[in-house]
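*Asks:* The listed protein sequences correspond, in order, to chains A and B.
Quick note, in my numbering, the first sequence goes up one by one and the last residue is 262.
Quick note, in my numbering, the second sequence goes up one by one and the last residue is 163.
There's no promise every hint is true.
As the list claims (entries may be wrong) - Each computed EDC-like pair below joins lysine to aspartate or glutamate, with the alpha-carbon atoms no more than 20 angstroms apart:
#, chain 1, residue 1, chain 2, residue 2
1, A, Lys217, A, Asp177
2, A, Lys204, A, Asp177
3, A, Lys218, A, Asp177
4, A, Lys156, B, Glu91
5, B, Lys50, A, Asp206
6, B, Lys50, A, Asp185
7, A, Lys204, A, Asp185
8, A, Lys217, A, Asp185
9, B, Lys63, B, Asp133
10, B, Lys162, B, Asp133
11, A, Lys204, B, Asp76
12, B, Lys50, B, Asp76
13, B, Lys120, B, Asp76
14, B, Lys50, A, Glu250
15, A, Lys230, A, Asp206
Said to hold, decoys possible - Taking beta-carbon pairs under 8 angstroms as the criterion, some of the chain B residues facing chain A (in silico):
#, residue
16, Phe59
17, Gly90
18, Gly149
19, Ser151
Treat the hints as calculated values from the structure; they're not laboratory data.
None of these values were measured; they are calculated from a predicted model.
Glycine included, every Cβ here is placed at the ideal spot set by N, Cα and C.
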Amino acid sequence: DGGITQSPKYLFRKEGQNVTLSCEQNLNHDAMYWYRQDPGQGLRLIYYSQIVNDFQKGDIAEGYSVSREKKESFPLTVTSAQKNPTAFYLCASSGGASSSYNEQFFGPGTRLTVL
Amino acid sequence: AQKITQTQPGMFVQEKEAVTLDCTYDTSDPSYGLFWYKQPSSGEMIFLIYQGSYDQQNATEGRYSLNFQKARKSANLVISASQLGDSAMYFCAMRGMNTNAGKSTFGDGTTLTVKP
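Chain A on its own, in the form it takes in the complex (with noise of 0.2 angstroms):
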């Protein structure tokens, strides 16, 4: 079946480890996206890839990195920088960034809690 996995489910990390978290897709998608929801809030873009080897800042980036090596791929890192890192994490794809006409297809999201 056609989607997007991101593992692990949940993850613990104690303050001041960093942690990466996987985001796999086989929809062919060009384009990949990181969000980060908080309780009862909206999703805010954390970065986002628009093609192999290319990938751009969102509205809060500061504290992770990420990479796109392959395609299908788009890791995030949450790094020790990131003050408050506890959050449920979600990862998207779409066919093209640059139509506007295509919706995200979301992964099941991953919960991290910094103990």
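Fit chain B to the supplied structure of chain A, relying on the hints for placement.
*Replies:* Leaving out everything else, chain B in the frame of chain A:
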């Protein structure tokens, strides 16, 4: 820059009645797309409906319709014949094609509760 505003944190509707969820937007892009998503308590994001900025007709998808008023920069979602399963959080979003090409912006959402 682009911005989405949803002014209704919570809404209640009686089962089988219609409800309108408000969304206003602001963007510097002359061409853009507007989207509505549903997020149940499970956390998954479900795409509902899309409206292009140059579309002449309002979009419809089953019980969902989008009331697009470009001059007023509003893109309200109308859900007809509400069902208990419609209880969820609803997000309005936009993506630009020019200055903001590829960048998506979401509103803060509206929590809809359908009463039996």
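*Asks:* Against each hint, give a clear statement of whether it holds in the structure.
*Replies:* For each hint, the structure was consulted:
1. A:Lys217 / A:Asp177: 10 angstroms, holds
2. A:Lys204 / A:Asp177: 17 angstroms, holds
3. A:Lys218 / A:Asp177: 7 angstroms, holds
4. A:Lys156 / B:Glu91: Distance ~12 angstroms between Lys156 (chain A) and Glu91 (chain B) Cα, so the pair holds.
5. B:Lys50 / A:Asp206: Since the Cα atoms of Lys50 (chain B) and Asp206 (chain A) sit roughly 11 angstroms apart, the hinted pair holds (cutoff 20 angstroms).
6. B:Lys50 / A:Asp185: Distance of about 18 angstroms is within 20 angstroms: holds.
7. A:Lys204 / A:Asp185: At roughly 19 angstroms apart (the allowed maximum being 20 angstroms), Asp185 (chain A) and Lys204 (chain A) satisfy the hint.
8. A:Lys217 / A:Asp185: 29 angstroms, violated
9. B:Lys63 / B:Asp133: 11 angstroms, holds
10. B:Lys162 / B:Asp133: Satisfied, since the Cα-Cα distance of roughly 10 angstroms is no more than 20 angstroms.
11. A:Lys204 / B:Asp76: Given that 20 angstroms is the threshold and the Cα spacing comes to 19 angstroms, the pair holds.
12. B:Lys50 / B:Asp76: 11 angstroms, holds
13. B:Lys120 / B:Asp76: Answer holds: Lys120 (chain B) to Asp76 (chain B) is near 12 angstroms, not above 20 angstroms.
14. B:Lys50 / A:Glu250: Answer holds: Lys50 (chain B) to Glu250 (chain A) is near 18 angstroms, not above 20 angstroms.
15. A:Lys230 / A:Asp206: OK: Lys230 (chain A) and Asp206 (chain A) at ~16 angstroms, within 20 angstroms.
16. Phe59: Violated: closest Cβ of chain A sits about 17 angstroms from Phe59 (chain B), beyond 8 angstroms.
17. Gly90: 5 angstroms, holds
18. Gly149: 3 angstroms, holds
19. Ser151: OK, holds: Ser151 (chain B) within 8 angstroms of chain A, min 6 angstroms.
Hint check: violations occur at hints 8, 16; the rest are consistent with the structure.
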